[in-house]
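Construct all of the structure, not just a fragment, from the sequences and the given hints.
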Amino acid sequence: MLAHDENERVTRVGPGTPMGKTMRQYWIPALLAWELPEPDCPPVRVRLLGEALVAFRNTQGRIGLLEEHCPHRQASLVLGRNEDCGLRCVYHGWKFDVAGECVDMMNEPEELSFAHKIRATAYPTVEAGGLVWAYLGPPDRRPPPPLFAWTQAPPSHRHVSKVIQESNWLQGLEGGIDTSHAPILHRVLDPDSTRPGFKTTDPFVRGKAPTLELDFTDYGYRYAGVRPLEGGDLHIRAYHFVLPFHQIRPARIGGSARGFSGASGHIWVPMDDETTMVYNWEHSTTEPLTDEDRLERRLGNGPLDVDQSTFRSKRNRENHYLQDRRVQKTETFTGIDGINVQDRAVQESMGPIVDRTRDHLGPADRAVIQARRLLLQATRTVEAGGIPPGIVPTYYTLRPAEAVVPHATDWRTLLVPEPLRPKVLEQV
Amino acid sequence: MLAHDENERVTRVGPGTPMGKTMRQYWIPALLAWELPEPDCPPVRVRLLGEALVAFRNTQGRIGLLEEHCPHRQASLVLGRNEDCGLRCVYHGWKFDVAGECVDMMNEPEELSFAHKIRATAYPTVEAGGLVWAYLGPPDRRPPPPLFAWTQAPPSHRHVSKVIQESNWLQGLEGGIDTSHAPILHRVLDPDSTRPGFKTTDPFVRGKAPTLELDFTDYGYRYAGVRPLEGGDLHIRAYHFVLPFHQIRPARIGGSARGFSGASGHIWVPMDDETTMVYNWEHSTTEPLTDEDRLERRLGNGPLDVDQSTFRSKRNRENHYLQDRRVQKTETFTGIDGINVQDRAVQESMGPIVDRTRDHLGPADRAVIQARRLLLQATRTVEAGGIPPGIVPTYYTLRPAEAVVPHATDWRTLLVPEPLRPKVLEQV
Amino acid sequence: MLAHDENERVTRVGPGTPMGKTMRQYWIPALLAWELPEPDCPPVRVRLLGEALVAFRNTQGRIGLLEEHCPHRQASLVLGRNEDCGLRCVYHGWKFDVAGECVDMMNEPEELSFAHKIRATAYPTVEAGGLVWAYLGPPDRRPPPPLFAWTQAPPSHRHVSKVIQESNWLQGLEGGIDTSHAPILHRVLDPDSTRPGFKTTDPFVRGKAPTLELDFTDYGYRYAGVRPLEGGDLHIRAYHFVLPFHQIRPARIGGSARGFSGASGHIWVPMDDETTMVYNWEHSTTEPLTDEDRLERRLGNGPLDVDQSTFRSKRNRENHYLQDRRVQKTETFTGIDGINVQDRAVQESMGPIVDRTRDHLGPADRAVIQARRLLLQATRTVEAGGIPPGIVPTYYTLRPAEAVVPHATDWRTLLVPEPLRPKVLEQV
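Residue numbers (our numbering), protein chains in the order written: chain C, 147 to 574; chain R, 147 to 574; chain Y, 147 to 574.
Rather than coming from a laboratory, the hints here were simulated on the basis of the structure.
Any given hint could turn out to be false.
Note: identical chains are not told apart, hence a pair may lie in one copy or across any two.
Here are the computed lysine to aspartate or glutamate pairs in the EDC-like style, where the Cα-Cα straight-line distance is at most 16 Å [what the hints assert, rightly or not]:
id : residue 1 : residue 2
1  : K345      : E477
2  : K354      : D250
3  : K354      : E376
4  : K167      : D418
5  : K354      : E181
6  : K475      : D230
7  : K460      : D470
8  : K475      : D437
9  : K263      : D505
10 : K475      : E229
11 : K475      : D336
12 : K354      : E256
13 : K475      : E184
14 : K475      : D186
Note that the structure is a prediction, hence the values are computed from the model and not measured.
This is the structure we're talking about:
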């Protein structure tokens with residue numbers, strides 16, 4: 147449970163808000179790289195932390211991310227012409243380069259042009275892992291580019307998609323670092339079912355309700371759900387939370403058939419206070435990902451489930467997520483198809499910004515409680531001029547883990563071999 | 147005409163408002179009983195007096211009405227599983243019985259469960275007359291269950307439907323206790339027309355504009371429109387208003403062909419300040435109602451006219467109620483089909499909450515004026531700790547009346563024989 | 147650039163606002179005359195300067211423009227019956243004549259009728275040029291009817307249409323008196339294209355960026371864009387701005403094939419602060435307009451492009467104006483079809499009420515800057531009890547001009563012969 151003003155502080159991300167200022171210290175995903183497929187392709191509208199922006203790839207392949215509205219008279223540059231190393235407003239022909247400099251003014255006689263005095267707000271970008279990342283903060287605080295293991299993998303071994311969630315970003319993050327819900331919400335009741343989820347024979351489900359163990363690190367925390375199995379073994383699922391909004395979890399790429407062969411995760415990027423762009427990535431550390439893997443059938447995040455121009459899910463609040471009550475009765479816990487559709491359904495059902503003064507949390511919510519605490523701390527660190535966790539890319543070799551192990555095994559040993567172990571600050 | 151603050155007081159029904167507190171003294175309809183057709187059927191979302199609720203019928207057939215959002219972390223219980231004597235949240239598996247007690251916590255190890263400390267807000271319910279009624283007020287003020295004559299009739303002789311009206315509830319009620327509009331708004335101009343309404347040959351229409359006579363009672367009031375006919379006879383239509391929002395009117399079940407064979411009425415239940423669920427009932431005191439009667443073709447409230455999952459009318463504001471201007475020219479007064487569709491059209495056209503400071507009322511509005519007065523009085527009675535009219539079920543034998551009678555007949559004699567006559571407080 | 151309070155002052159038009167009071171000094175278009183095709187035809191909903199109104203044509207052909215809601219209990223008169231010299235509310239049968247007098251009350255016995263005490267707000271109207279014009283201001287300030295040359299032309303030689311723009315009215319006006327954007331936004335890149343717009347061979351486009359010259363007059367101002375052509379000639383386009391929201395521009399009726407044969411213009415009438423009804427007129431001073439002319443294919447304002455019951459454009463914000471990025475690449479500057487669709491696209495993209503504190507204006511914006519200045523002055527004139535420009539119809543013979551002329555020609559000579567020259571107040 148949070149006090150009302152803490153809930154406001156941790157959820158709202160517009161310019162000038164405490165969390166808004168905090169997120170603007172990080173590189174954050176702005177769009178998928180394929181949305182700008184080639185030089186001089188059409189510009190794309192981007193909404194990020196409550197700001198209206200436009201992205202374009204110029205003639206040389208460089209990416210610009212500008213304020214959406216032309217400084218002249220505020221016409222949208224999304225309607226604009228992407229040509230000859232700049233984005234040109236169609237209203238009066240003002241043209242801007244990727245740095246936001248106005249480089250041409252069609253409406254003024256040459257001798258009267260004041261283009262050199264005009265700048266559009268422009269944010270730096272980098273491409274990594276199939277994403278365009280942006281930095282919206284003060285130039286003198288710009289950190290090194292993001293270095294996640296998955297963003298450095300070859301394209302054959304990684305995949306990323308996105309989908310809009312109609313709620314505040316923190317509801318998404320809290321679901322993603324809450325291992326306790328997964329074998330409940332995503333349970334498959336019928337052993338013969340082919341619908342996605344975790345069957346009752348899965349040790350994840352067979353195990354008793356977990357105890358949660360958590361280590362604070364210099365990027366956020368790592369934690370595990372430890373589930374006792376009959377016979378004394380333990381089922382372990384160990385995750386990482388990298389501030390401000392990254393989850394790294396054990397992957398079951400290709401479904402349980404292919405086993406644990408890598409990592410996956412989500413990034414919950416606020417478009418504005420009540421809308422989130424969820425990025426979904428997978429990283430195979432062994433064989434290449436297949437076309438079938440990239441459909442994300444199990445998760446419900448791929449092109450079969452999400453419109454690839456609007457990034458709206460076909461199963462959504464308007465159509466009650468196509469919940470089938472007969473399926474819910476006998477086959478799956480929710481009657482909703484798609485593991486991440488199930489997540490969005492419950493998270494959106496909490497309202498646009500959930501009122502955390504009404505929570506009743508228990509030991510199973512430890513990871514959620516500590517994430518809120520870390521995020522609130524981060525806002526105060528930034529206010530004090532400090533550097534919050536996760537800015538310095540110490541997290542690039544992080545590995546999640548899922549395994550069944552003998553009683554008394556320390557789950558932390560599953561996270562090695564690691565070239566660099568995270569610096570653990572505190573175990574709770 | 148009302149002052150602005152009186153209009154606010156009499157219309158708004160959220161928690162803590164004067165009228166909200168007043169309505170929470172009464173049993174009020176929450177949903178149709180058939181929406182929960184059998185034990186362990188899917189739960190149903192209910193919006194009542196601005197509160198978000200969920201209704202379910204448990205394994206034993208008992209009905210629960212809980213706050214919609216799980217006390218754990220506010221996921222909607224409407225997505226939940228109705229199983230084994232409780233409604234279970236799909237997010238972490240917390241389960242609640244019809245009394246709101248948390249009886250299971252799937253996400254916590256048994257030894258850490260704190261289920262016994264958790265309660266969801268739960269409201270008592272009763273089934274009567276094909277409706278589920280709820281009481282949302284303080285437990286120590288809970289009155290005896292509602293006892294309308296129609297709710298006690300056998301199912302063969304009663305019928306009830308519902309439809310959403312996109313306006314404040316009081317606009318509906320005011321239309322329902324305003325007999326003076328009926329032979330105008332609902333008039334059929336063409337004697338050969340088969341469209342529903344009142345033809346010019348009907349004594350209701352043939353009569354001159356009515357004088358209104360009204361007696362205050364311990365449940366609200368009874369009143370009659372008295373219309374002089376040529377030749378000296380009188381046409382009488384006598385209604386009851388039972389607080390806070392019940393109308394009882396003479397029925398012409400099956401159309402004028404079958405004559406006056408019972409009572410009918412509406413209940414205008416606020417979903418929130420700007421949305422009303424209108425319940426429509428009919429009660430035959432003679433022969434059983436037929437399947438055709440239950441289609442409510444004349445009124446436009448039945449399954450042919452109202453979507454039976456959303457309860458939205460097919461003729462609505464968006465499509466201008468399918469008003470046909472050619473039909474209006476020559477055949478019916480409005481060009482809109484369905485007597486209650488006509489009512490909703492004019493009432494919704496007044497705006498979400500009509501501004502009663504702009505009214506210009508006359509003698510024909512006496513019943514409307516006195517209803518507002520009674521409702522305002524009731525809010526003050528409740529504020530003073532008293533019991534407003536209509537709480538104590540003295541109204542269970544009330545009968546409406548419609549008749550043509552000789553000059554100088556007292557309409558009150560038409561309302562007998564009554565086993566118990568209402569206690570008349572004042573005649574105005 | 148405007149200060150925030152100036153932007154509020156010049157854009158908002160509701161009752162009591164400075165610009166609202168100013169616009170209420172003028173006759174303004176309320177609807178197209180053909181929307182009320184004959185006596186006793188259906189009434190029409192009108193939204194004007196933030197007021198909800200209803201228009202009807204009575205049995206004698208006279209036009210009434212009343213407040214939308216019946217003074218009795220606020221039911222909408224748009225649902226009403228237009229019959230026997232009055233508009234009758236369907237709820238209780240109150241009837242109003244074109245002057246707003248209540249002339250009948252069906253719900254009250256004759257001896258109790260208080261109709262003579264009831265008046266609905268009614269505004270005077272005149273028909274001119276295929277439009278119904280209304281005056282919403284104080285009766286003692288009512289000016290003479292509007293006398294534009296085009297409104298006085300025979301129907302064979304004039305045409306008028308309308309379309310809704312989803313933005314504040316001033317964004318439309320500012321686009322209309324901004325000649326500098328036209329050869330940019332409306333440019334056709336491909337010489338073989340058949341899409342509407344200005345080709346690069348057109349002197350309007352061939353000319354260099356214009357200098358703007360502007361004369362204040364007693365109706366507003368006249369101004370010209372003067373574009374130097376190779377070889378020393380000048381391309382001239384000269385417009386008039388008649389307060390509060392009229393543009394008069396040179397017409398290319400029938401496309402460039404038929405040449406410059408008259409005048410055309412727009413009128414940006416505020417429905418409310420964020421919605422504008424744009425009226426589009428053409429006036430041929432030579433041959434009659436053809437049916438093909440009246441389709442307005444080039445502009446995109448006609449029945450092929452705009453729904454003639456809702457007056458919503460088929461190409462609109464919801465569908466991104468059907469912008470075709472491949473067409474934009476090689477064929478037209480925007481990839482959007484329809485010259486005025488292009489205007490609406492950029493103007494709507496600026497937001498509902500553009501924030502003019504963010505502007506960066508230059509010499510090419512002179513006409514825009516001076517229009518804002520004149521409009522702000524007009525609000526202060528009205529506050530001081532004075533008469534703003536454009537009220538007294540001195541503008542009835544105004545002619546626009548477009549021509550290629552030798553160097554050093556004064557564009558003002560193109561505007562004669564005029565029976566009456568405008569009184570020029572100041573040249574800037």
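Cross-check of the supplied hints:
1. K345 to E477: For K345 and E477, the Cα distance is within 16 Å only inside one copy (10 Å; across copies 57 Å).
2. K354 to D250: Answer is between; shortest inter-copy Cα gap is 14 Å, intra-copy 67 Å.
3. K354 to E376: Answer is within; shortest intra-copy Cα gap is 9 Å, inter-copy 84 Å.
4. K167 to D418: within (14 Å within a copy, 37 Å between copies)
5. K354 to E181: So K354 and E181 fail the 16 Å test inside a copy (44 Å) and across (36 Å) alike.
6. K475 to D230: Answer is between: at 12 Å across copies they meet the 16 Å cutoff, but 59 Å inside does not.
7. K460 to D470: This pair counts as within: shortest intra-copy Cα distance 15 Å, inter-copy 25 Å.
8. K475 to D437: neither (33 Å within a copy, 32 Å between copies)
9. K263 to D505: between (52 Å within a copy, 13 Å between copies)
10. K475 to E229: For K475 and E229, only the inter-copy Cα distance (9 Å) is at most 16 Å; the intra-copy one is 57 Å.
11. K475 to D336: within (10 Å within a copy, 55 Å between copies)
12. K354 to E256: Cα proximity of K354 and E256: across copies only (9 Å, versus 76 Å in one copy).
13. K475 to E184: Only across copies: K475 and E184 sit 14 Å apart there, 49 Å inside one copy, limit 16 Å.
14. K475 to D186: between (52 Å within a copy, 9 Å between copies)
When the structure is compared with the earlier hints, violations turn up for hints 5 and 8 and for no others.
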